[in-house]
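Undergrad: With chain Y's structure known, arrange chain X on it following the hints.
Protein chains in written order, with my numbering: chain Y, 262 to 538; chain X, 805 to 1238.
It should be emphasised that the hints constitute simulated quantities derived from the structure, not laboratory data. None of these values were measured; they are calculated from a predicted model. Hints should not be assumed to be uniformly reliable.
To be verified - Cut-off 20 Å, straight-line C-alpha distance, at most; resulting in silico cross-link-like pairs (EDC-like, lysine to aspartate or glutamate):
hint, chain 1, residue 1, chain 2, residue 2
1, X, Lys939, Y, Glu291
2, Y, Lys376, X, Glu897
3, Y, Lys302, X, Glu922
4, Y, Lys302, X, Glu984
5, Y, Lys276, X, Glu904
6, X, Lys1008, X, Glu984
7, X, Lys965, X, Glu984
8, Y, Lys282, X, Glu897
9, Y, Lys376, Y, Glu273
10, Y, Lys376, Y, Glu476
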Amino acid sequence: MPETALPVFRIEATKGWRSLKLGEVWQARELLYFLTLSNIKVKYKQTLLGASWAIIQPFFTMVVFSLFFGKLAKMPSDGAPYPVFTFAALVPWTFFANGITQSSESVVRIGNTVKRVYFPRLIIPISSIMSGLVDFVLAFTVLLGMMVWYGIAPTMNVLWLPAFLFLALATALGAGFFLAALNVEYRDVRYVVPFLVQIWLFATPIAYPSSLLSEPWRTVYGLNPMAGVTEGFRWALLGTGVAPGPMLAVSAAGALLFLAAGTLYFRRVERTFADVV
Amino acid sequence: MGHLAIRVDGLGKQYRIQAVHQRYKTFRDSLMGAVRGVGARLRGDVDGAGRTEMIWALRDVSFEVGAGEVVGVIGLNGAGKSTLLRLLARITEPTVGSGEVHGRVGSLLEVGTGFHQELTGRENVYLSGVTLGMKTAEVARKFDEIVAFAEMAKFIDTPVKHYSSGMYTRLAFSVAAHLEPEILVVDEVLAVGDTRFQKKCLTKMSAAGYEGRTVLFVSHNMGTIARLCPRAMLLEGGRLVQDGPSNEVVSAYLHGGSGTTAVREYMEPPGGDIARLHVVRVRTGDGNVAQVIDVRQSVSIEMEYEVLRGGHQLLPQFQLFNEEGIHVCSLHDVDPAWRGRQRPAGRWTTTVTIPANFLSEGMIFVRVILVALNPTIHQFARNEVVAFRIVESMDGGDAARGDWSGTMEGIVRPMLPWTNEVAEERPATKSRVG
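So that you can see chain Y by itself, here it is in the shape it has in the complex (with noise of 0.2 Å):
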């Protein structure tokens, strides 16, 4: 073992905010790659429909909305049938809802781990949201299907779909950083996010389009980094609304700032998880 070759760790109270050292996330990968599968793994173990959960969790929503919201109401769907219009956004949506769900216990839940070994505790967090990519997948074909279905062609706008779930995961991580940490110190979070994730699907244009909202204010929405992301999926899938705009700009600096945010508040404060989890 030449002394040269051997990696020098501090140990010493950290002051303020610390630095991200995103670098030690990265070198974790493996981890965080195992603690992902495992999340997926175990998530529909012992569960009787298994993982087709993830699709009758947005596909009942669907239903449900189309119903009371496009039935009933007759909400505007911006031309595209509205069971389509609807679950276009749900997809994402309950990609972001599971998420943020999933990723505030997680420290909490592995917190014996947690007490007992050091590793890059972002990871934590990051490898819950990560497993609901698998749910997205599946629900995204039935999605696929529904286009199928009403003779919906895609355009090219579709290569923009990426970045907009990139925007969703950014937006799940900033959240779900901030709800982890937080659920360490203050077990309430575990009331609070079932609440939060209920205003905040009515905040988002899932059963409605944003297009019921004048300019100013539609732009101003867009701060919702889900407003962006729902009608972007619309947009690039079911060709929607308006190209992406002054609200998906907003949307796209918001969940960057969400995230910045998150990650920051997360450092900041893991430093007693394993004190006081």
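TA: Showing chain X alone in chain Y's frame:
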């Protein structure tokens, strides 16, 4: 000493007692705390609210460990051993002080870290191995060896929730034993599993030392410490009180030069609504408080407590543990004068006398318990409150070892009546008599 593996300087870790007792807080508690804190500050009582709630789990600890050293860390429960290991493994941050660690630290603070009940043995070997800091390729390369070491080949694809606790422990330890970080911190994990497997792990551990790895090893088993570690550090109340050759440090610890005590008085008596513990003492048969007691003397252990609310039937108990953590015996108050009777409020002293020639040589740690019966309500239960050492001078007195001067095993050494009969005495042969 070759090059440096660990250097720490003035390391200290402070915990909020609130964080210890109460596992987590709510917004409301935080708000109330903040309000109280502001209130206290407004009254000019800066120390009041904040400081009394803080305890130092580790205080002003400085030492260096060279690469390849195997160091034992000993001390009573709560002396700060686990906190020290956690700081070195970067699991938590110190409040003050600093240090540096040269090389990757593998922490083995409890077997089964990173195990998931629903996953199979195979999946868990990977998950746990990578969690503990191995690379995937490393786990893959050692996989067969890990499974063989754990003697688990047959059940490796069964979910671990179906494992017996022994199987679980073997597999978990096997993963950990195959870690190859430059520095390994180990906390008492060998206290689990069956003896044969423990021995196997100890062998593996000492091999780790010989391969030039640095090992910090916490154990209550002084025999293991002395065998595995040339050097030991003794922690007491969060401070490093001795650091040197392990036989010296272990003997200081066992002789109660530090840490252990024959008398403990509580400034803030622990207990429930019915009774609180004030003093615990160890005396020799002639009434003197003593920590070192000859095997041929009786030992009296007494607890002094305040019964706050009379009218309850109480059961004072002592539990004795030896230095290997083996529960030697439990002693329950069977004083006929108070058995089955309710005790009035007042200051009580309950004493048990352990006869001479009963306990074996070695350190005995006393756990003190008091329970109210019907209904059963625990009043206090304290570990390692007092400790004493049974010694045998081997000066030929009337002890259970008789005329034997070698080692004598066993956790008790009772002096029992023996009888011999000889059926038909034969006259000695002439040659012998001569």
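Undergrad: Now, for every hint given, state plainly whether the structure supports it.
TA: Status of each hint after checking the structure:
1. X:Lys939 x Y:Glu291: 7 Å, holds
2. Y:Lys376 x X:Glu897: 12 Å, holds
3. Y:Lys302 x X:Glu922: The hint holds at about 9 Å.
4. Y:Lys302 x X:Glu984: Given pair lysine 302 (chain Y), glutamate 984 (chain X) is violated - Cα atoms ~28 Å apart, limit 20 Å.
5. Y:Lys276 x X:Glu904: 17 Å, holds
6. X:Lys1008 x X:Glu984: 12 Å, holds
7. X:Lys965 x X:Glu984: With a Cα-Cα distance of about 27 Å, the restraint between lysine 965 (chain X) and glutamate 984 (chain X) is violated, given a limit of 20 Å.
8. Y:Lys282 x X:Glu897: 16 Å, holds
9. Y:Lys376 x Y:Glu273: 18 Å, holds
10. Y:Lys376 x Y:Glu476: 51 Å, violated
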